[in-house]
Amino acid sequence: MENSTAKSTTTFESVAIRFAGDSGDGMQLTGTQFTETTALAGNDLATFPDYPAEIRAPAGSLAGVSGFQIHFSSREVHTPGDEPDVLVAMNPAALRANIADLRHGGILIANTEQFGVKNLERAGYTSNPLEDGSLSNYRVFPVDITNITLRAIADVGLNQRAAVRTKNFFALGLVYWLFSRELTHTEQWIQGSMAAKDPLAAEANLKALRAGWNFGDTTEMFAQRYEVPKARITPGRYKNITGNEATALGFLAAAELSGLDLFLGSYPITPASDILHSLSKQKHLGVRTFQAEDEIAAIGATIGAAYAGGLALTTTSGPGIALKSEAMNLVMMLELPLVICDVQRGGPSTGLPTKTEQSDLLQVLFGRNGESPIPVIAASSPGDCFYTAIEAARIAVTHMTPVVMLTDGYLANGAEPWKIPNMAEMPRIPVKFHTDPATFKAYARDEFLARPWAIPGTPGLEHRVGGLEKANITGNVSYDPNNHDAMCRLRAEKVARIARTLPPCEVYGDAEGDVLVVGWGGTLGALRAGTERAREAGHRVGHLHLRHLNPLPDDLGDVLRRYRKVLVCELNLGQLWFLLRARYLVDAVSINKVQGKPFKEAEIARAIIEHAGSKA
Amino acid sequence: MENSTAKSTTTFESVAIRFAGDSGDGMQLTGTQFTETTALAGNDLATFPDYPAEIRAPAGSLAGVSGFQIHFSSREVHTPGDEPDVLVAMNPAALRANIADLRHGGILIANTEQFGVKNLERAGYTSNPLEDGSLSNYRVFPVDITNITLRAIADVGLNQRAAVRTKNFFALGLVYWLFSRELTHTEQWIQGSMAAKDPLAAEANLKALRAGWNFGDTTEMFAQRYEVPKARITPGRYKNITGNEATALGFLAAAELSGLDLFLGSYPITPASDILHSLSKQKHLGVRTFQAEDEIAAIGATIGAAYAGGLALTTTSGPGIALKSEAMNLVMMLELPLVICDVQRGGPSTGLPTKTEQSDLLQVLFGRNGESPIPVIAASSPGDCFYTAIEAARIAVTHMTPVVMLTDGYLANGAEPWKIPNMAEMPRIPVKFHTDPATFKAYARDEFLARPWAIPGTPGLEHRVGGLEKANITGNVSYDPNNHDAMCRLRAEKVARIARTLPPCEVYGDAEGDVLVVGWGGTLGALRAGTERAREAGHRVGHLHLRHLNPLPDDLGDVLRRYRKVLVCELNLGQLWFLLRARYLVDAVSINKVQGKPFKEAEIARAIIEHAGSKA
Amino acid sequence: MSVQAFLSEISHTDPTALGRKDFQTDQEIRWCPGCGDYAILAQVHKTLPELGIPRENFVFVSGIGCSSRFPYYTNTFGMHSIHGRAPTIATGVKVLRPDLSVWVVTGDGDALSIGGNHFIHAMRRNVDLKILMFNNRIYGLTKGQYSPTSEQGKKTKSSPLGSVDYPFNPISLALSAEATFVARGIDVDAKGLGAVLERAAKHKGTAFVEIYQNCNIFNDGAFDYLTDRKLKAEAELRLEHGKPLRFGLNGEKGIALDAQMNPMVVDVAAHGEDKLLVHNEENAALGFFLSRLVAPEFPTPVGVFRSVTKPTFDGMMEAQLEQARSKSKGGGVQRLLDAGETWTVE
Amino acid sequence: MSVQAFLSEISHTDPTALGRKDFQTDQEIRWCPGCGDYAILAQVHKTLPELGIPRENFVFVSGIGCSSRFPYYTNTFGMHSIHGRAPTIATGVKVLRPDLSVWVVTGDGDALSIGGNHFIHAMRRNVDLKILMFNNRIYGLTKGQYSPTSEQGKKTKSSPLGSVDYPFNPISLALSAEATFVARGIDVDAKGLGAVLERAAKHKGTAFVEIYQNCNIFNDGAFDYLTDRKLKAEAELRLEHGKPLRFGLNGEKGIALDAQMNPMVVDVAAHGEDKLLVHNEENAALGFFLSRLVAPEFPTPVGVFRSVTKPTFDGMMEAQLEQARSKSKGGGVQRLLDAGETWTVE
Ligand SMILES: Cc1ncc(C[n+]2csc(CCOP(=O)(O)OP(=O)(O)O)c2C)c(N)n1
Ligand SMILES: Cc1ncc(C[n+]2csc(CCOP(=O)(O)OP(=O)(O)O)c2C)c(N)n1
Ligand code: SF4
Ligand code: SF4
Ligand SMILES: [Mg+2]
Ligand SMILES: [Mg+2]
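Protein chains in written order, with this note's numbering: chain A, 1 to 616; chain B, 617 to 1232; chain C, 1233 to 1578; chain D, 1579 to 1924.
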């Protein structure tokens, strides 16, 4: 049936589609299905799911709008796209919340059935935008999705409420048709996973899906279809993965690579909870997950696990870091391996808990009493969370130190196609518990300045540790002034020395020139795309994305000096910017925003071009 | 009797004396008595009490040594002195712990009775230093203090244990004699306060005191006395005050000046507890002190009090700040006036709890999730804590913001002679609760960008606040991206704008030249003295001591540029240094130490001279 | 300006004119349709105007959770604070302002998980707060993890194989924390809940009310065993001070002690009414005993477990201030500044 | 390397050869002379070698306070952690390492003030920990402020006019938090304390022992009413499972219920021994009732209030892992990576 159409087909390099509807409308599922099908079709892609803050906001309200954007292309894709080319709006609230983003000239598909007086009012419309001419900048396709769907599935015999709920599959079918996609993947999914749970609903959804496809194919309304050819993608097996899933898998991999038992102590918090959920399912791999009474207990138990010889992980978000900071300081002092994973969200305070932000950097670097150096690394894409988790664990056990791993709400919930790694090819993480009582000194150090890991149960290694300052080498309590000074500097040097093990900075684009774009974390895609655009516009631009934020790479100062201007782009008010200025006295420019949203490619390109132009 | 001596008297400009003994030996009392008498004699002075970390360390152990140093002079005194000229050592442990500091050629008075084998061993001596020639660099006066005292007070009829305990008054009397001091003040104190509690002990102590004086006067051992003439001191009434007392008084004064009811929510922690103790005594002034179950509850209750219309204060030390940070973030978001007083101690973690350090600066600036600007100010001397407390309260209520006030263990327990302020001359702190429902918007702002203080009980002002991002002006919950961005910048600007109300930087010494010494907090004295020494050595040096650390003064950048070198001197690993580099891109040098001890004057002078010399 | 001075300058609104509407706000309610929170909100809005307190004198403080959104929907002074800390903030409000009626709204997670310590300390001190804990036995806002009141074995997102945690018994905990008023209500039982809320509101001291609340999204039907019309009579034990403990459609069953001092369900007719236990709100140990009556073995007690009067923390603090003031020689801060050893430099 | 693999490679030392000396360390003890902590330390050092556990398998975790310095003086694995958090750390140790004997040493401030929440949650979960709480009714280390177990009206540095806080009853609290073993001992009562410690050590699950401890510096004599030789017989009620509650020099007094279900002191001869309450370690409500016997009105119960067996948190966690492993299809992490919807790009 997929090839039955007779309509003409136009080819595009890239397209971004946003599905938007009420939170009950199944937009996330719709988006995920479209993503998987698109990936199977061989496009490169990026996605951005955007949930409402409430569990169940009132039906039809602006607060209840749920969206999912997918950007797919025949070339490399870095972000979910600044402006969608297509918007599917399942109700007036979805239209109102999203229309400002739609590209002028873009396609709008709206479910007319929902545009009654009551729903218009709920969305804050005084007249019907589908009729009042206010959408003249777009190509509007009003479709009575609800009723067509209901007719299409009438014979399945679902009750009205359940029947109405299948309309997202109609919309999905229609969009599949529009972008010349095969239904196969989604059909299989419906017949498999969904049918297993609810065969009747599966039957109805299948019909709705096909009805949507047929509607596109047969109605006069749609005169043509679009096509986005395959991209050139590194060969291999792929799957879609969210940042939180990749993080969970990364720590599982680290456990396997080190042979250690994974322990997660956590207290649920948006947007980090899914890591806890994922790992809770892996008990068969020997993973112990402990849902604690609060963030302090979570890290407390994790410290206990680190002390006892486990691969110790605690996960949280910004407010949780604030609560954990006293205990983070203890584990820094104990010099035990432990990873604190901070999935950043919009702050300050409770802030915008479901939105993304990069504003915990200074907190994790400095938010503890006394001189308390802790390594910090950040993941730059959903899939990269996997490797960052392994890197965090490696640093922790090799250098005997707590490590902070930063991700953010955008990475956590965002998904990307991800080349499945092969565990057999990944380097092991060597771990050695100390055993020899004769050579044992609790605070003796190796070439990394790491102390021995001496776990309970080891005969002859009985010793006491704690948060009071300790004598160099022996680890006994010491109030000696010079010892304290020396220990503070030793701990700082231990973290600084990690830089020796790091590869040199890898700059994308021009190795010197007008502008160096510096970023970290989940902004990678936008900065890369912005850099590409600016280079295409003829500027000499490099993009450096930092994974290691403490210690910073040894050659960073040199790299910064190779460009006339340094732009530090962040979703905060300039935290890495502040750090680089202090460290390198570089008169960098801060490009920042704090809107709970990722950068747009165009914003970055504009900023680069502006600063490349000004010959300051 | 004071003038009965026939021995010769030498005049000195400045002298530093250290009394050291076991914690049971009453050294703090001895020091305090000497201080008061010295102040009454008209010298300028500074003191440094040094307690052991334990409540009651084992008698005779190094851990149990308690010391008290006083530096007095006929000119201005900035610090307790680098090296004492006189050391009174009541036992071998006291000698061992302190002898390294005694100036070569200095006087050592040692209580020989304590130098038996057992005590020598406890202190880690293998031979008796009073006899083995190891003290040849000093003028040693071995006195059998214990037994002479016992004989002198034999007729009072105290039991042995109580009798032995009077020996510190013997030592005090001897030192009084040595420095030509009158006994009057101490005699009165013994006959007053002490006699009221224990008349027998008072009688014995009086005898011991006089016996000590007479011993000096009559024994051959002491051939001469010393004299330190009066200093030129601003006229007025003076008293000795510790930083913690001054802090407590400062907040009491702020309450009186603003008319607000003072509320202190606190959880005991060294070295901040004494502020709680002091304020607990002031219930008659309407002060409510709440000893909470932990630091979080302490600040929580304080937030409640701020919301309800009180002058809200919470006191703690570094580990407590770590715990309070989530709530500090809330009150930043609520934009309510509240002072967080952090009496810094040696970190990280439990660290060196009884020692001093300046290592919480970055924590209070950055230790919160999201963009969370909070003003920070620091006191620079014990007496200055009074004015800093008032300033903190003023900023809090004028700008409707939490404010961090930093002091440290050195300031908190250290005492200085302090000119008693006159409340009638101090500027009021104007406060206005909002009343008019018609004009009420919870997040409307005045010229300082401060929002109205609308307290419960005010008819028509019912409204809701919280930690979620709020809409500009109305304060309702808002998830709007641009509003969030705007609010983050508004909150930052609100704090930045406080700088407009600050006086320009006041530099001591040269207004431009070779070196600018920049410091903050309790290092004032050492930096001032070091600067003086370097200037006397011919260098052009300025000393700038910052009270305001956030926002920094508007003219600071200009001031920094007037010197060839900027030295940032701190008791941490370079925190203000880091801040100044980031803010002003100034290639400052960090002069730092982390020994739980204040700077020495000589250390600073040496650093200045070194950098003034090197024409980099 | 001190609060006292300020209060003396304003005049309060008339509480007698208040109705339930006066406590509603214009904020869109963001609970899921069907959530038990709506019913509780309605009962509170019904109770408040009946208390004779000017509206501006109410303060509602909450933590974080679905339940903690409560203040946005109640037109009084309110604060939606941070997770678990509401009792601390409320304590500060009440201690500074004994003139206010201070309420805490919290959830089973907010109160008993992260906030457990503040919860028990507020009760220990007997601060005059009304603490309403919406117990849905789940973390609602974070989308369904088990809470400290979830039953063992519960499968949730964070316990796919079933939770191994034993639950807290909130009533036991409150009693052991010395709470002076402890009660239980049910969202759908408007009448019973209203009665309990009113008594809580009028109690001087910490009043703790556990309210069973259905979360129809993540823990639907958790209390069906108790609220189902058909099961109710057998499942519920209404507590009445001074009355024997009877339940069942016609009160035909009762609670008595067995030889081991353990509770047993008896047939009243057979056992004799005089051998039933008699409820006594003043006996803490009895209250504790009753809190151990847990379904399905026993009927679930509903109503007031304990109510005794003891001086409140805020009241004693106020009295201490008053006493200190009356003994004071006056002179304000200057007197303190001038005190102690001083000397004069001319 | 996993801990299992590591443990299989080492061999444990012989526990039968251990004596009290083996548990002493070379660290100078930094408690005040005369402090009750010394006596408790001695009892613990006496108990440990009798347990048949290799020395390297003991872990002592403490918080902050005088009492919390305990690990430095005990030659086992030990951690002097941060204030109030010892139960959390100990939980992590035990959950990862059920092979270890994990002890928590804490004070009344550490456990019940800042650490109250972790304290009750550890008990709720029945983690196999031995929690020794040294109750001196004061904050010792910070030099004498009132604690959550200080009596009301106590004058301390932070309460010069007398504290207005009501105290917690730690035994009540532990019982309401579902602790499976709850006992009380006294520093100077070597024999009684030793017996209680031994039973605690052998209990599977959370064992809570409140130990009355004299702080001779800041709260000297707090327990004299109970430890004074002359008063002891009248002041102490030794709890013995299955025995009637009797005390007095010759057991001539007893505890019975009055008509209101309140406790009363009776003359055994006059009242009849069969009408005395009989101690039952398995009845939580009775344990709670006993915890309410407070001086001076009643004798102070000493010994075991409650002891029941329930699966432990760590045990159930282990079982769940075992079960999941046994059902697993193997394949390790690669299997998870490969799972789900995948596609291949050639
Ligand atoms: C410090 C902190 N940790 C975690 C969270 C995430 N969080 C918000 S509400 C909640 C639990 C709410 O459960 P409950 O109190 O039972 O409320 P309900 O939603 O069920 O009414 C959690 C874990 C948070 N907001 N802040
Ligand atoms: C976070 C934090 N807050 C406060 C303190 C200060 N502090 C140390 S011990 C202690 C109380 C100790 O009381 P308790 O547990 O009864 O121990 P004790 O000294 O009486 O044995 C306090 C408040 C601290 N170390 N850390
Ligand atoms: S998630 Fe549950 S508790 Fe929260 S609003 Fe929805 S139904 Fe109510
Ligand atoms: S202060 Fe008290 S508890 Fe602490 S060591 Fe001294 S006597 Fe013991
Ligand atoms: Mg809940
Ligand atoms: Mg104590």
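It is possible that some hints are incorrect.
Unchecked claim - Cross-link-like lysine-lysine pairs, in silico, DSBU-like; alpha carbons within 35 Å at most:
| hint | chain 1 | residue 1 | chain 2 | residue 2 |
| --- | --- | --- | --- | --- |
| 1 | B | K1035 | C | K1561 |
| 2 | D | K1853 | B | K1213 |
| 3 | B | K623 | B | K897 |
| 4 | D | K1782 | D | K1888 |
| 5 | C | K1559 | D | K1821 |
| 6 | B | K813 | C | K1462 |
| 7 | C | K1434 | D | K1888 |
| 8 | D | K1853 | D | K1907 |
| 9 | C | K1559 | D | K1905 |
| 10 | A | K7 | A | K239 |
| 11 | D | K1808 | B | K813 |
| 12 | B | K1048 | C | K1375 |
| 13 | C | K1542 | D | K1905 |
| 14 | D | K1907 | C | K1375 |
| 15 | C | K1375 | D | K1905 |
Said to hold, decoys possible - Far from chain D, by Cβ distances over 12 Å, these chain C residues were calculated:
| hint | residue |
| --- | --- |
| 16 | K1423 |
| 17 | R1470 |
| 18 | E1514 |
| 19 | Q1555 |
| 20 | K1559 |
| 21 | G1572 |
Unchecked claim - Per label pair, the in silico range of CB-to-CB distance:
| hint | chain 1 | residue 1 | chain 2 | residue 2 | range |
| --- | --- | --- | --- | --- | --- |
| 22 | C | P1330 | D | D1677 | 26 to 34 Å |
| 23 | A | H104 | C | G1266 | 36 to 44 Å |
| 24 | C | G1266 | D | P1676 | 19 to 27 Å |
| 25 | A | E512 | C | E1260 | 50 to 58 Å |
| 26 | C | E1260 | A | A602 | 45 to 53 Å |
| 27 | D | L1739 | B | P1046 | 37 to 45 Å |
| 28 | B | T728 | D | E1729 | 41 to 49 Å |
| 29 | A | A499 | B | R1180 | 28 to 36 Å |
| 30 | D | A1847 | C | P1330 | 18 to 26 Å |
| 31 | C | Q1566 | B | P1046 | 39 to 47 Å |
| 32 | A | D446 | D | T1887 | 29 to 37 Å |
Because the hints were derived from the structure by calculation, they are not lab data. Backbone N, C-alpha and C define an ideal beta-carbon position, used for all residues, glycine too.
A quick look at each hint next to the structure:
A distance of roughly 24 Å separates the Cα atoms of B/K1035 and C/K1561; the hinted pair therefore holds under the 35 Å criterion. Note on D/K1853 and B/K1213: the hinted pairing is violated, with a Cα-Cα distance of about 68 Å set against a maximum of 35 Å. For the given pair, B/K623 sits about 48 Å from B/K897 by alpha-carbon distance, which is inconsistent with the 35 Å threshold. At most 35 Å may separate the alpha-carbon atoms for a hinted pair to count; D/K1782 and D/K1888 meet this at roughly 8 Å.
The suggested pairing of C/K1559 with D/K1821 is violated, with an alpha-carbon distance near 54 Å, which exceeds 35 Å. For the proposed pair B/K813 and C/K1462, the alpha carbon gap of about 75 Å is over 35 Å, so the pair is violated. Between C/K1434 and D/K1888 the CA atoms are separated by roughly 41 Å; this puts the pair beyond 35 Å, and the hint is violated. Using a Cα cut-off of 35 Å, the hinted pair D/K1853 and D/K1907 is violated, with the two alpha carbons roughly 62 Å apart.
For the hint pairing C/K1559 with D/K1905, the CA-to-CA distance comes to about 75 Å; that exceeds 35 Å, so the pair is violated. At roughly 32 Å between alpha-carbon atoms, A/K7 and A/K239 fall within 35 Å of each other, so this suggested pair holds. Only pairs whose Cα atoms come within 35 Å are accepted, and D/K1808 paired with B/K813 is accepted, the gap being roughly 31 Å. A threshold of 35 Å between alpha carbons decides the hint, and for B/K1048 with C/K1375 the separation of about 43 Å lies outside it, so the pair is violated.
For the proposed pair C/K1542 and D/K1905, the alpha carbon gap of about 57 Å is over 35 Å, so the pair is violated. Between D/K1907 and C/K1375 the CA atoms are separated by roughly 30 Å; this keeps the pair inside 35 Å, and the hint holds. At most 35 Å may separate the alpha-carbon atoms for a hinted pair to count; C/K1375 and D/K1905 meet this at roughly 28 Å. Chain D leaves C/K1423 outside its interface by the beta-carbon criterion, the shortest separation being 29 Å against a cut-off of 12 Å.
With 12 Å as the threshold on Cβ separation, the claim that C/R1470 sits away from chain D holds: the shortest Cβ distance comes to roughly 19 Å. Interface exclusion of C/E1514 from chain D breaks down, the closest Cβ pair being 8 Å apart, not more than 12 Å. Listed as a non-interface residue, C/Q1555 fails to keep its Cβ farther than 12 Å from every Cβ of chain D; the least gap is roughly 8 Å. At roughly 10 Å from the closest C-beta of chain D, the C-beta of C/K1559 falls inside 12 Å, breaking its exclusion from the interface.
The beta carbon of C/G1572 sits about 16 Å from the closest Cβ of chain D, which is more than 12 Å, so the claim that it is off the interface holds. A hinted range of 26 to 34 Å is violated for the C-beta pair C/P1330 and D/D1677, which are about 55 Å apart. Taking the beta carbon of each, A/H104 and C/G1266 are about 42 Å apart, inside 36 to 44 Å as hinted. Our hint of 19 to 27 Å for C/G1266 and D/P1676 is violated, since their Cβ atoms are close to 43 Å apart.
For A/E512 paired with C/E1260, a C-beta distance near 54 Å keeps the hint of 50 to 58 Å intact. Judged by the Cβ atoms, the range 45 to 53 Å given for C/E1260 and A/A602 is violated: they are separated by roughly 34 Å. Restraint check, D/L1739 to B/P1046: a C-beta distance of roughly 32 Å breaks the suggested window 37 to 45 Å. The beta-carbon spacing between B/T728 and D/E1729, approximately 47 Å, falls within the hinted interval of 41 to 49 Å.
Distance hint check: the CB atoms of A/A499 and B/R1180 are about 31 Å apart, consistent with the given range 28 to 36 Å. Between D/A1847 and C/P1330, the C-beta spacing of about 52 Å breaks the proposed range 18 to 26 Å. At about 20 Å, the beta-carbon gap between C/Q1566 and B/P1046 misses the expected band of 39 to 47 Å. Between A/D446 and D/T1887 the beta carbon distance is about 46 Å. The supplied range of 29 to 37 Å is therefore violated.
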